[in-house]
Every structure is written in C-alpha cells, then in structure tokens.
Amino acid sequence: MTEPYALETRVRQFAEDVLSRVLMCLEGEPRPDVLTIEASPDGRRFTFSYRQTLHATPGGPTIGMLQLDYALGTDRSGQHLAVHVSTFQLRDSRGKKPIVRVEYIRDAQSVPCSHIHVHAESGLFTQLLAATGHDSPAAVQSIHIPTGGDRFRPCVEDFIEFLISECRVAGREGWREEIKNGRELWRAMQTAAAVRDRPEAAVAELQRLGLEVTGELPADRPSARDRF
1 MTEPYALETR VRQFAEDVLS RVLMCLEGEP RPDVLTIEAS PDGRRFTFSY RQTLHATPGG
61 PTIGMLQLDY ALGTDRSGQH LAVHVSTFQL RDSRGKKPIV RVEYIRDAQS VPCSHIHVHA
121 ESGLFTQLLA ATGHDSPAAV QSIHIPTGGD RFRPCVEDFI EFLISECRVA GREGWREEIK
181 NGRELWRAMQ TAAAVRDRPE AAVAELQRLG LEVTGELPAD RPSARDRF
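Numbers 1 to 228, taken from the UniProt record's numbering, label the letters of the sequence shown in order.
Calculated from the structure, these hints are not laboratory results. Here a beta-carbon is modelled for each residue, glycine too, at the ideal position from N, C-alpha and C. One thing to keep in mind: the hints can contain errors.
As the list claims (entries may be wrong) - What follows is a set of in silico ranges between Cβ atoms, one per label pair, in the way DEER data are often shown:
1. G123 - G174: 38 to 48 Å
2. R10 - E212: 26 to 36 Å
3. R208 - R76: 25 to 35 Å
4. D42 - E212: 36 to 46 Å
5. S93 - S165: 19 to 29 Å
6. D220 - S49: 35 to 45 Å
7. S93 - I116: 13 to 23 Å
8. E173 - D33: 20 to 30 Å
9. A39 - V203: 16 to 26 Å
Start from the sequences and build out the full structure, keeping to the hints where you can.
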C-alpha cells in the first residue's frame with residue numbers, strides 16, 4: 001500500500017467512484033471530461049479536481065458549477081487510504097466565485113479540521129463580529145463553521161443532496177438511491193477508521209452487547225486522540 005504505484009491505483013479508484021456518483025446524481029457536464037491524477041514529488045500524495053455544470057432543469061442553461069478538490073495519501077499506519085484535504089464547492093455559473101465551501105484539512109492546526117464557509121452578506125453577523133473585534137467583520141466567508149471533525153464530517157453525497165434538495169438544482173432519475181448507497185459506504189469506512197482510532201471504545205461496546213473480544217492491542221500503537 002505504501003508503494004507509489006499501489007497508492008495511485010487506490011486513489012484513481014476512489015476518484016472514479018466519486019466522479020461516477022456525481023454524474024449519476026446531477027444533471028450537467030464535466031469541465032473537462034478527462035480525469036487527471038497528479039502526484040507529489042515524493043509520491044506520497046495524489047490530487048485530483050473535478051468540475052461539473054449545474055442546471056435548474058435538464059438541458060437548461062448553466063446556473064452554477066460544482067467543484068471538487070481532493071488530496072489523498074495514507075493514514076498514520078501507512079496501510080489505509082486517507083483523505084488529507086478535500087473541498088466541495090458550489091460556485092457561480094462561470095466557476096469564478098465560490099458561494100458555499102465545505103472543506104476538510106486533516107492536519108489543521110488553527111481552524112476546525114472540517115468546516116463550512118458561506119460567501120454571503122449579513123448585516124447582523126457583521127455587526128456582531130465588529131463588536132467582538134474580529135479582523136474582518138464584513139468577510140462572513142472567513143468564518144469556519146465546524147462540521148463533525150475527522151470521522152463524522154460531511155461526505156460528497158451529503159453535498160450533492162444539499163444541491164438537489166436545498167438549492168433545487170436538477171438531479172437525475174434515481175439520485176436518492178445513489179446517495180443512499182454512497183453514504184452507506186462512506187459511513188462504513190468512517191466507522192472502521194473510528195474503530196482503529198479508538199479500539200478500546202469499540203471493544204467496550206461489543207462487550208456490552210454480549211460479544212467476546214480476544215487479543216491484545218499493540219503497545220506501540222500511535223495515539224489518535226486528535227482524530228476526534
């Protein structure tokens with residue numbers, strides 16, 4: 001898994017799964033329609049970006065743009081694929097200006113690792129920020145709204161559902177089932193990752209349910225408290 005070729009293969013499969021789900025859920029066209037995976041110089045991180053037009057009705061004019069950006073590598077064990085950075089964006093019809101951004105930064109230090117930015121104007125919010133001495137009270141988009149941390153953050157399926165259900169952009173037939181299936185896979189992966197992070201909690205709950213758990217945890221297992 002730590003070999004660059006093996007990692008790139010996993011990243012490409014991940015990217016193809018994400019892009020396939022987007023295309024099956026949202027009306028629109030990829031811009032461009034070729035998936036490009038780029039590697040860091042040391043081969044430990046791979047990135048890809050994706051854009052797709054958004055429409056109010058099938059075949060109607062472009063009213064917005066979906067943009068997805070990912071950087072992936074391995075987790076701290078070096079055995080499992082991990083998202084290091086992701087951004088889900090709703091942008092204007094030309095793709096020039098962001099409207100809503102859902103971001104994740106695995107190794108964030110000074111901001112919540114999973115957060116939302118809203119590009120909007122609010123007189124009341126600006127007034128509050130000015131009263132607290134905020135550096136940019138008029139820049140509502142500079143606020144990081146936390147969204148569940150490493151393990152319980154929104155997935156791309158959540159963002160797609162937001163676009164269709166809340167923003168009322170055009171979805172394709174069967175999109176609800178696609179969202180359900182993708183979200184179930186995501187949550188299963190996150191549950192497994194959470195168990196690896198806090199196996200003591202998983203063992204305690206399994207025992208509470210009447211199951212027997214055997215074996216010993218490695219003494220040198222790295223701490224994962226920051227993942228919560």
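Checklist line | Hint check against the structure, violated hint numbers in rising order | finding: Violated: hint 9 alone.
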